[in-house]
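Student: Protein chains in written order, with the working numbering: chain A, 34 to 462; chain B, 34 to 462.
Incorrect hints may appear among the rest.
No copy is singled out in the list; a pair is fine if it fits within one copy or between any two copies.
[Claimed, not checked] No farther apart than 20 Å at their CA atoms in a straight line, the calculated lysine-lysine pairs in the PhoX-like style are these: (1) Lys84 - Lys105; (2) Lys294 - Lys404; (3) Lys404 - Lys418; (4) Lys169 - Lys419; (5) Lys91 - Lys268.
Derived from the structure by calculation, the hints contain no laboratory data. Nothing here was measured: the structure is a model prediction, and the numbers come from that model.
2 protein chains.
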Amino acid sequence: MKKSFIRPSILPGFMELLPKEQRIFDDIASKILDVYERNGCFPIDTPVIEKSEVLLVKSGGETEKQVYAFQKGKNNLALRFDLTVPFARYVAQHLNELEFPFKRYQLGKVYRGERNQRGRYREFYQLDIDVINKDKLSVDNDAWVISLASKAFKEISLPTYKFQISNRKILSGVFDYLNIENSLQVMNLIDKFDKVMPDEFNRELIDLIGEEKSDFINKIMSFSGAPNQIVNELKKLDINDIYREGVEELARVIKILDILKVDKKEYDINLKIIRGLDYYTGTVFETKLIGYESYGSICSGGRYDNLAENYTDTILPGVGISIGLTRLFFVLQEIGFIDSYNLSTENDYLIIPVGDTIEYCSIVLDKLLKKGYRASIYFEEASLKKKMKYADNLGIQNVVIIGEEEVINKKVKIKNMVSGKEDIVEIEN
Amino acid sequence: MKKSFIRPSILPGFMELLPKEQRIFDDIASKILDVYERNGCFPIDTPVIEKSEVLLVKSGGETEKQVYAFQKGKNNLALRFDLTVPFARYVAQHLNELEFPFKRYQLGKVYRGERNQRGRYREFYQLDIDVINKDKLSVDNDAWVISLASKAFKEISLPTYKFQISNRKILSGVFDYLNIENSLQVMNLIDKFDKVMPDEFNRELIDLIGEEKSDFINKIMSFSGAPNQIVNELKKLDINDIYREGVEELARVIKILDILKVDKKEYDINLKIIRGLDYYTGTVFETKLIGYESYGSICSGGRYDNLAENYTDTILPGVGISIGLTRLFFVLQEIGFIDSYNLSTENDYLIIPVGDTIEYCSIVLDKLLKKGYRASIYFEEASLKKKMKYADNLGIQNVVIIGEEEVINKKVKIKNMVSGKEDIVEIEN
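Could you put the whole structure together from the sequences, leaning on the hints where they help?
Tutor: This is how it looks when you write it as structure tokens:
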């Protein structure tokens, strides 16, 4: 009887890479993590599964529908849908064991049962930094987290990107000033600015607040030019306290970005940036790849006044930035960046024994590893041709062939698979 | 009205570390991963959630009860309970896109709803290597994966450990020879050898197969001494084909371990090692920390003849080794290894501005980062004393104090928090 097999497959909306792509994914992740680590952030790791009552304390509607929630025994469980809510829980739980200001970084998978569509994943990596303090946190940190993302992007030679920066207090101040009562609906509309046609946006805005107020808001949102110019324009409108606070914070962020060597070409002020209606209260930002804006933001974040308010009465203001690493990788595949990613293989070696020379192969292996090279022995029986092809297919740049003759002469033959060049080298070298 | 809070807490059986411990955990993981990478393994990453029909194809009874399984929409889902079953699925699914022999490494969280007890986690990291080939795989790989674990353990300066190595074909051959019909039950009993008293073990064994056969099996299992001695003893008993094959494979593994520079002190032959009744067919091994054997194996694995038989008719023999990283970390905490773990902080810097010197601080930050040091600026307003204490509590070894005087003189004051020594240094240095 023929055996029946289960078709080997994964769920839709889950990313799985081949080893060659995975090495690039890991290389990108580790370069970014290294930047965060070297800049003084501390790693944390939290469970993927948490108590539903803890994870879903704040959310409702859309988020709740997307969450992977289930029961195990008597417990209601949920998979984390971001790294921010677990971070809030972590800080509240370990309040007396942490040093403040606390700077964390975290890489982890999160889960959202989104509609299945290209570039939207149900399991994806987020890579977050947050700085959090008790009572008060300097706005300089808002600029600092952006500067770390900037360093990370340079480290991986990301194609041209632009941070889009705003401060939500500015529009909040304007809304107060204009006596806009349905401000949540207006915020919601502005948040979707990129996704609708300008005409449609204007029509909807007028529907919500009338023509006069729409004109005023449109005027403010359309200030353009260099960041300092926009800030100067904003300063001329002395609207109210909350507005002034927003403008001053924005001005300070720009100043510190400059001091922290973030180039003016790397960012724009864009007052249309809202970042949803959730916890952000001050600085907000997203990041677009220039020429590929339609893929959406690859790195976003902002300032929150009180992260853990559902878990503790300690006031914990913070600022965070999150890279959607799985989505970023997808976009980088789409635009050809991954295909041309330079994963250095010049120090990759495959040692091929011909005949019973394994002892000698082990000596060579040791020498190569001690030099910091990447090396392994081909143990299987196969033709030399097949072994060479194996190295070639894996992108291993150097092949060391060790036959009995080589053992006697204490020499090895090294073939460079890229140049095709062959060298006979003393084993000592 | 007083606000009510959700108690910030995680589920029992989940490990969560403070940042200081997390850095050590990450350091251990990255050192091991680096050994695997440099020795020519390739990374893969698979989803945490898979289709139930795929993950649970082979398991039954105990495993199935422990699995986190749930529904989402119409799909039956399960969280992976190891990295081996997903690897089998991965290889079968990507059969035509992989190069064989394929050497993978993978670090990931797995889930088992075990009874809650100290040192047993419901979410834990596994760190696996496997080598897999089509049709046939040289037994030299069995020694090679052990040699990589050995290198990894040396890299993290693990306290004295011992690999316990066997080959299941040896006992299988003996069982055949003795005409033991209830061999599964006997294997099961031997698998639990460590967990019962010797007397009880003997009584149960005699109950199962009678005194004569028990004596014979006990005799073989009690061969002791150096690996070569045991192999020589085993060779004298020329029992049958399967037995001879097992002894020859074991002899070859020992020979290659020697060639690959695994010290004889690092391993024992122990024929009582079975590794459960699942997929292993030849070489099997576990690893005990000497003096702390009761904590169980920290690194186990073995040879399987046909990994992906439920997904494909391609024969895929392989050998794998798995470190239970979460459990290992727990054990290392218990025995004081983590407390004395030397995470080098001599190049950790905190830059403290006194007055409005942030611009100058940024210049110093840049210089320190370019030297490869770990450095950040303290942005908050606080007393100098509080700032110093912050550095001290975080284990940051050097503090750079930059006041307005330092800016004028183009000098900085560096205080070593360990020695208490203060230096005034030109900014250029």
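Student: Does each hint hold? Answer for all of them.
Tutor: Hint by hint, here is what the structure shows:
1. Taking the shortest Cα distances, Lys84 and Lys105 sit within 20 Å of each other both inside one copy (11 Å) and across copies (18 Å).
2. In this assembly of identical chains, Lys294 and Lys404 lie within 20 Å of each other by CA distance solely across copies; the values are 17 Å between and 36 Å within a copy.
3. Taking identical chains as interchangeable, the C-alpha atoms of Lys404 and Lys418 are never at most 20 Å apart, the minima being 27 Å within one chain and 46 Å between chains.
4. For a Cα distance limit of 20 Å, the shortest separation of Lys169 from Lys419 across copies, 15 Å, qualifies, whereas the shortest one inside one copy, 65 Å, does not.
5. Neither within a single protomer nor between protomers do Lys91 and Lys268 lie at most 20 Å apart by alpha-carbon distance, with minima of 35 Å and 68 Å respectively.
The structure is inconsistent with the numbered hints 3 and 5, although it conforms to all the rest.
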